[in-house]
Amino acid sequence: MNLITSQLAFAYSPEREILSSVTLSLGPGDVMFILGANGTGKTTLVECMSGLRLPLRGSVTIDGQNLYQLSVRTRAQNIGLVPQMHEPVFAFTVEQTVLMGRAPHLGLFGRPSRQDHHVVGEVIEAVGIQHLRHRAYTKISGGERQLALIARGLAQGAQCLFMDEPVAHLDPHHQHDVMSVVRQLADEGFSFVVTSHLPNHALLYGDWVAFLTDGRADVQGTPGTTITEQTLKVAYDMDFEIVEGSTGSRAVLPRLYRNPNPMTW
Amino acid sequence: MIRKDRSVPWILVLLPVSAFILALFLGRYGIHILDTVRVLLGLDGPSDVFRALILRVRLPRVLAAACVGANLAVVGAAFQGLFRNPLVDSRILGVSSGAAFGAALALLFTSQGMIVQTSAFIFALVAIALVMLVGVRFGSSTLVLVIGGILVGALFNSLLGLIKYVADPLSTLPAITYWLLGSLNATQWSDLPPLLTITGVGLPFFALLRWRLNLLTVSDTEAMAMGIRVRLIRTVIVAVGTLLVAASVALAGTIGWIGLVIPHVARVWVGPDYGRLIPASAALGAATLILLDTLARTAMPSEIPLGVLTGLIGVPAFFILFLRFLRTRGEAQ
Amino acid sequence: MTKLWIAVSLVFLCALTGLAQSETTVIDQSGRSVTIPLPVEILVSVHGIGTYYVYALGAGDRLAIAYYIGVKTLSSASESMLRWEPRLAEILSYGDPNIEEMVASGAQLVIADGSQHEAVAEQLRDLGIPVILYRAETPEELKEAVVLTAAFLGSGAQAQADAFIADYDRMVNAIATDLESLAENERARVLFVGTSLTKVISGEMYQTHLIEGAGGISVTRELFGSWNEVNLEQILLWDPEIIIIPPYGLIQPADILDNPDWQSLNAVQNHRVYRMPRIIAPMDTPVPESLLGIAWLARTFYPDHVSFNLAEEIVGFYANYYQFTLTDEELARMTGQ
Chain A
1 MNLITSQLAF
11 AYSPEREILS
21 SVTLSLGPGD
31 VMFILGANGT
41 GKTTLVECMS
51 GLRLPLRGSV
61 TIDGQNLYQL
71 SVRTRAQNIG
81 LVPQMHEPVF
91 AFTVEQTVLM
101 GRAPHLGLFG
111 RPSRQDHHVV
121 GEVIEAVGIQ
131 HLRHRAYTKI
141 SGGERQLALI
151 ARGLAQGAQC
161 LFMDEPVAHL
171 DPHHQHDVMS
181 VVRQLADEGF
191 SFVVTSHLPN
201 HALLYGDWVA
211 FLTDGRADVQ
221 GTPGTTITEQ
231 TLKVAYDMDF
241 EIVEGSTGSR
251 AVLPRLYRNP
261 NPMTW
Chain B
266 MIRKDRSVPW
276 ILVLLPVSAF
286 ILALFLGRYG
296 IHILDTVRVL
306 LGLDGPSDVF
316 RALILRVRLP
326 RVLAAACVGA
336 NLAVVGAAFQ
346 GLFRNPLVDS
356 RILGVSSGAA
366 FGAALALLFT
376 SQGMIVQTSA
386 FIFALVAIAL
396 VMLVGVRFGS
406 STLVLVIGGI
416 LVGALFNSLL
426 GLIKYVADPL
436 STLPAITYWL
446 LGSLNATQWS
456 DLPPLLTITG
466 VGLPFFALLR
476 WRLNLLTVSD
486 TEAMAMGIRV
496 RLIRTVIVAV
506 GTLLVAASVA
516 LAGTIGWIGL
526 VIPHVARVWV
536 GPDYGRLIPA
546 SAALGAATLI
556 LLDTLARTAM
566 PSEIPLGVLT
576 GLIGVPAFFI
586 LFLRFLRTRG
596 EAQ
Chain C
599 MTKLWIAVSL
609 VFLCALTGLA
619 QSETTVIDQS
629 GRSVTIPLPV
639 EILVSVHGIG
649 TYYVYALGAG
659 DRLAIAYYIG
669 VKTLSSASES
679 MLRWEPRLAE
689 ILSYGDPNIE
699 EMVASGAQLV
709 IADGSQHEAV
719 AEQLRDLGIP
729 VILYRAETPE
739 ELKEAVVLTA
749 AFLGSGAQAQ
759 ADAFIADYDR
769 MVNAIATDLE
779 SLAENERARV
789 LFVGTSLTKV
799 ISGEMYQTHL
809 IEGAGGISVT
819 RELFGSWNEV
829 NLEQILLWDP
839 EIIIIPPYGL
849 IQPADILDNP
859 DWQSLNAVQN
869 HRVYRMPRII
879 APMDTPVPES
889 LLGIAWLART
899 FYPDHVSFNL
909 AEEIVGFYAN
919 YYQFTLTDEE
929 LARMTGQ
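Protein chains in written order, with our numbering: chain A, 1 to 265; chain B, 266 to 598; chain C, 599 to 935.
Any given hint could be a false lead.
[To be verified] Calculated cross-link-like contacts (lysine to aspartate or glutamate; reagent style EDC-like; alpha-carbon spacing at most 20 Å): (1) A:K139 to A:E188; (2) B:K429 to C:D694; (3) C:K670 to C:E699; (4) C:K670 to B:D300; (5) A:K139 to A:D116; (6) A:K233 to A:D214.
Hints listed in this document are in silico derivations from the structure and should not be mistaken for laboratory results.
Small disclaimer: the values here were computed from a predicted structure and weren't measured.
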């Protein structure tokens, strides 16, 4: 599935455009990271690109079709959203939560059929949480919730999932659990757009990265070439260094100027 | 967690039906069981008094209790999901306050049930119209609706206070006070058509829509991403829910706690899935109000106001259930 | 010098005794001792029933502000009332008592309702205005209230109060004598409803005493509190022989007689459903006119047994206590003839 965003602009108030011209392109199996400082409009961009907000200008096409002209049902059958971690009010089971993703395939008065339950079983298995199927969603860990929400997006039939800071609040192990499922699904052909504050994740799991600054995403490309000390400095207004590990992996470290060696004081 | 057993649907029917039948056999005027059976089967034998009591006094009242109980419980359950707040009940949008004002206003001038009922119904709709007006102006998010409901409720409560102040303490004030306590006493067949019609449309609506209510318990953004027209569906649910509450309150007065407690009881029983929660709430709500109203009309020579009974039983029940609710969410030990 | 002191002291003492003589101390019906400077020339009554005690004792002209039970505005006052009290427009008031207005009226004494005016009484006492609180729900308490009222209205009132109590006792005794021959099961079983068909009196209300004074039995005498809501089944169970509707509210006998659900009642089958008439105050409340209420009920319950002449009693009462002459129409309304 190809999702092409061109010259997208959005403003909450006429005085200030939070997005002025964003052009991005996503192909099947791509994991695209969107990096940017707080308040640069990452969430807004996700909401526009996934069709939840109408942009001021610009277009988003999905396999050549204008996203904003699709019916809400068709859109939901193609694009899913994994929201930031939240605390649900009612203790639905994981299965009931994932089942909600079948809504775009059901009529207004419809109820899930055997077939829908079957789909849910498959996607739960696909993200590897079949053991949690009948547990209360409120009582599983944050990482498991993210996987359940990915499964819910898959249950919609979505080929493209938008994830808004999916690993915030998670420990490194659970971060990896979630991201490796993302990577694995991408290898099966699903596309992901992930907003993040972790350039390292873009390096580890991303196929493509875009820096959102001043309402534009002019700096974008493969993570290895795009995430540099210069681009990071522009994006976050601080100095970083890129270090290389023994296995050839690269990592971003903030550069500290205070006292390089506090122990000697 | 294991799957709930399959016998639930049978109990759903059995519970209100048995409460309904039981209620027809009970009353201050002792009628022999066999006579009651004969009257219900349309057989000859029982006196006209028995026939009138069972068919014209008990039957409409029990029917009204069933409808009101089911309506308040279903709307309470739906609104709790809609507002993503387990402390919400059908009164959240100021509908009951509007109805109370309308009833009190009518009671100043008449004691005719039909006029009081109509006035209560109309002002319940006026209340929700005002809330919707606020909602349309400020984007009909749940927060806006709640604030609108609080404002409109407060407005009508003040107007109600004014009416109580000018009401005659000898005649109209006691009538208003009693109406506000909630009662199904003196319900006649002629009072029922509006309630039966609206219940007949509104409950099936919620029954059909019930699974989709699940999707309103998640955030607006998530629901929209799953292809739900959140604003539209929310408006429709509020509208139909309001009709059900308005029709119920107009006939029975302000009966609290049913809309808050019954959905929680139902959640303990069948879980949070609205596919099961709505039928369970309807069944439990109907059965509970039938039984409480039977108690209200038989326990003592004088009527116990129904709203007083639901409160006395609802408060401790709610306390226990809510602790349990918090525990299932992992917030209390 | 010493002589002068003695003279001054004497004058002062005389003045003190003089003062002491011009006040009286009474215990009101809330049990509080109230000292009232005499004479009381300007009265305020914020008790719609207490007002009538003042009238019955011939002091109605001393009222500067008055509440009349059930009368909120001039438009809700009957034509009879307007004719009886031409000053009604001037002095009629209603609602929560306004302290400042009472003070402005120059009230030397305020009559109030013990069941709801404790706080108002407190404020008035702070302002130096004595307050008498009434609580009368039985015939004895009614008589007590009348005697209490006479205590501060002067010597003429005392005689009037004695006459009223004598009249009240005479009426109750006359009825008792007339009905002596009646067996317990011949007594009228009476249902006294309120402003709705399912609202009935309790055994603690004044109306129960009226029914008993008139030789009847209130079927709801076992109930407590104020007005009780009951259901039709319970009413059918009581199966009263007579139903009385109070002189206020919107219920008329036809509402019961024509109601299909009430047809099996003894009272309905025998057409014995009556609404109390009203000229000035509602006769079912603890006002002096309740004396006529008893007479009217007795005549209604036992038209063939009572020996007194209702019309004479009515004419006499209004002449003696309210200085009021009924029109022929008013009298016919009261006697039902």
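Hint numbers contradicted by this structure:
Numbers 1, 4 and 5 - these are the hints that the structure violates, sorted from lowest upward.
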